[in-house]
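A.B. asks: Residue numbers (our numbering), protein chains in the order written: chain U, 1 to 399; chain G, 400 to 881.
There could be a bad hint or two in this list.
Claimed, not checked - Under the rule of at most 16 Å between Cα atoms (straight-line distance), these lysine to aspartate or glutamate pairs were calculated in the EDC-like manner:
(1) U:275 to G:858
(2) G:845 to G:556
(3) U:275 to G:658
(4) U:275 to U:320
(5) U:324 to U:93
(6) U:97 to U:111
(7) U:275 to G:781
(8) G:461 to G:658
(9) G:699 to G:542
What the hints assert, rightly or not - Listed next, the stretches of chain G that the computed footprint assigns to chain U, with coverage defined by at least 3 CB atoms under 8 Å from CB atoms of chain U:
(10) 649-661
(11) 712-721
(12) 776-787
Derived by calculation from the structure, the hints in this document are not laboratory data.
Just so you know, even glycine gets a beta-carbon here, dropped at the ideal spot from N, CA and C.
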Amino acid sequence: RFKCGLSGPVLDVLRCRPGWQQARNEEEWDFLWCDVTWLRENFDHVYLEEHVRICHFRNHYELSRKNYLVKNLKRFRKQLEREAGKLEAARCDFFPKTFELPSEYHLFVEEFRKKPGTTWIMKPVGRSQGKGIFLFRKLKDIFDWKMVSMTVCSLERGNCLFVFPQDGGRTNEQKDETQIETYVVQRYIENPYLIGGRKFDLRVYILVTSYSPLKAWLYRDGFARFSSMRFTLNSIDDHYVHLTNVAVQKTAPDYDPEKGCKWMIQQLRQYLTAKHGTGLVEVLFADMDNIFIKSLQSVQKVIISDKRCFELYGYDILIDQDLKPWLLEVNASPSLAASSQEDYELKCHLLEDTLHVVDMEGRWAKMLSTLSRFLLLCEGVHMFSLLGKRLEGAKLYSC
Amino acid sequence: MLEQDGGLSLTIARIVQRLKGSSLHSQLERQARISLHNPEIKLESLKEDIKDFLKTSGWEKKLQNAVYSELNVFPSPCHPAAPPEHMKEPLAYMRKAQGSWEKRILKSLNSMCTELSIPLAQKRPASEQKELLNKWNEMGTDEPDLSLFRPVYAPKDFLEVLMNLRNPNYENGEQPSFRNHLGLIQVPLKVKDIPELKEDFSELDLNIGQLGIDDSAQVPPEFFENEHVRIGQKVLAEQDSAAAQQYVRQGCPTALRADLWALILNISNQPEDILYYEQLKSNVIQHDLLVDSLIYKDVKLTASNDDYYFVFEDYLYQVLLCFSRDTSVLEHFAYSSATPPKSYIQGKLGIEEYAVFYPPNGVIPFHGFSMYVAPLCFLYHEPSKLYQIFREMYVRFFFRLHSISSHPSGIVSLCLLFETLLQTHLPQLFYHLREIGAQPLRISFKWMVRAFSGYLATDQLLLLWDRILGYNSLEILAAIQK
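Just chain U, with the same shape it has in the complex (with noise of 0.2 Å):
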């Protein structure tokens, strides 16, 4: 029996699964897709029994929120330096320069001071489809810009005043509970690879289904955004150029839903080997591997681990012209809506793998890599081929 929060493709597919039944209102469940908010309310409240399956880690914000995020990356990176080198620390450097804000302030200033120039760009942490982001390149930037509702919020160190927008939602934070947004600033990716002069990142789904031992899939069907416009540095205002989230680019002048702004994986794949050969885009999509498994192996200690949580992260990657794939974001709840036809059947296909891999039935468990479009990533210390085989001596260092 299953309980989901949500319409669109999820409730189809758990609909449509032999011997599922939703569950009524009032009634026990085995399975549940709940959105966040029921998490966060519920969890700790609810008893759940030994077999139920939730489709969210308790504390997942530790990968999904920009600043948990980079706090985890950056602890983790100094662990792997102390005990493995800092030729295997460098392995980490796959986010760009990132600060918190307001508290990381000074040491952005500082940072910002020694390339003046350069684009950085400010996200909120809580927030998701492409909301309150803005670039910038002077400092006065960020006084200039003005949202709906503000907060004065004075600050000790530097001596400025900082306009900080009231959250006119929740904002998720377990120990702060004033009203302050906070924000990541990060260095702007200026050299995007670009085909066809437009820009464009990737999502990649990565099913979790244990944190202890680290058990990790990579959906093959992954796809990349496109920008409707071509890229230029010269507006840092036009969001259509350089923020490829659909739900940015849906609001475009010319957006034609017919069109649809999406190439998938292996058609990006065929491009980047006709036009580069075989080795270097090897090198890339193992550098994405990289990606994954070191984000995940830096929070694996900090989740709290429970057989009967899985969770379906979107991945946001971008790949510069260098061909060095750089780490976005992390969504725990990526957007499962679908903008068309082919991407509803998209998301339905996800998900029922979904369901076979989470296997409440049972039944699947040596078919796993055949049966679906999953493909086993890491599990424990070991790391898998494409072809499901072990990679011997590419071990994952655990911390």
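Place chain G on chain U using the hints.
C.D. replies: Just chain G now, kept in the frame of chain U:
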């Protein structure tokens, strides 16, 4: 015996004449002259030594490739007494049909011209020229009002014409027999049957490894893929055009495809080629053609709406606009059944001295034309190289897909081949489709005209086009549907 020799020497003479004026010729001469400084070259055995030198320095290979290219493109000359039309199209009724089809297209174009009172060609004012030059790399951002333009014709119009094609000398007999009247194409052309196809396309046999099938994730690469890639790299190192053509019959590895195709088509992107492209570009800037709007409309309607090709919109304009001004394309009309339309300077209708070809390359684009270019954008990113590859593909293959001729790779033969194969080997399907009012050719016609571009996933499409290049024939398009 004598005739065979005669044919061969004619071919040789023709190739020599064509290559004589080319840049390769002058380069070879220069190389030979430079080699005179070489101490190995001795006066006594001058000829031999120079030949050896050319061989070792790779120049002989280039010459070989050029000769091979010429052989591929031009059909062998027929009987010396045959009039030139015969090289274009030996069957008179086909020529006539093509002629009347062309008249129809031209009429449609002219009427659009008068309706919208836009001249066929006009010079751009200086400000417009400057603007276009600035926007050259992002012409897709332009949103001109194209609502009044319609494509000159669509594949289904062309199908109607083909369906009505009849050989006046051929009598189908009083009693319509089962075989004769089931298909849409009613022309008695000789097409291959399965045993002949099997022989011609022997490399596609089940016993022989193919890319796209034998390199999937379940098959370990040692079986076929690795060896195939290694051979491909060797072929590229040797720069041998004929070997490349043989090689791609089993499919091209993605990483090597761009170079292999360039080798087969004998495109090397020399400085003079780049210069030629720049010249075409400046032609585009200076003059505005009515055909340009048709191209714009086609790109916006087809490629921009395609899930995979929308990214390449800008490239398509850069290629197609230049293509329509390229007069070297006129050369292919020597062996195509089509004739380029002529247009007359205002007021001088009918007077030959004032006639020009319109558009300058003689090719009027139809609905879906831009899809010929789109898949190539996956392989080539430098505009002038992309342009040359497309032009070569067009004058070797694509032109046959929208002109009426009896050539085995022509669209008429392809349709007939398709219908015959289907009728012979899947008669129940054929009959059933006919019964429900869906003639199979109506469905598959548009696939064939576009060489499947836009109807097949890109990776599969490119594998298909590998075979077209490998076999130098479009027959695979008809056979593949079986």
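A.B. asks: Each hint: holds or not?
C.D. replies: Results of checking the hints against the structure:
1. U:275 to G:858: This hinted pair holds, its Cα atoms lying about 14 Å apart.
2. G:845 to G:556: Since the Cα atoms of residue 845 of chain G and residue 556 of chain G sit roughly 11 Å apart, the hinted pair holds (cutoff 16 Å).
3. U:275 to G:658: Roughly 10 Å between the alpha carbons, so the hint for residue 275 of chain U and residue 658 of chain G holds.
4. U:275 to U:320: holds (15 Å)
5. U:324 to U:93: holds (10 Å)
6. U:97 to U:111: Holds, at about 9 Å.
7. U:275 to G:781: With Cα atoms ~11 Å apart, residue 275 of chain U and residue 781 of chain G stay inside 16 Å; holds.
8. G:461 to G:658: Measuring from Cα to Cα gives roughly 15 Å; hence the hint holds.
9. G:699 to G:542: holds (10 Å)
10. 649-661: holds (count 5)
11. 712-721: Three-residue rule met by the stretch 712-721 of chain G, so holds; n is 3.
12. 776-787: That given contact holds, which follows from 4 residues of the stretch 776-787 of chain G lying within Cβ reach (below 8 Å) of chain U.
Hint violations for this structure: none, all hints satisfied.
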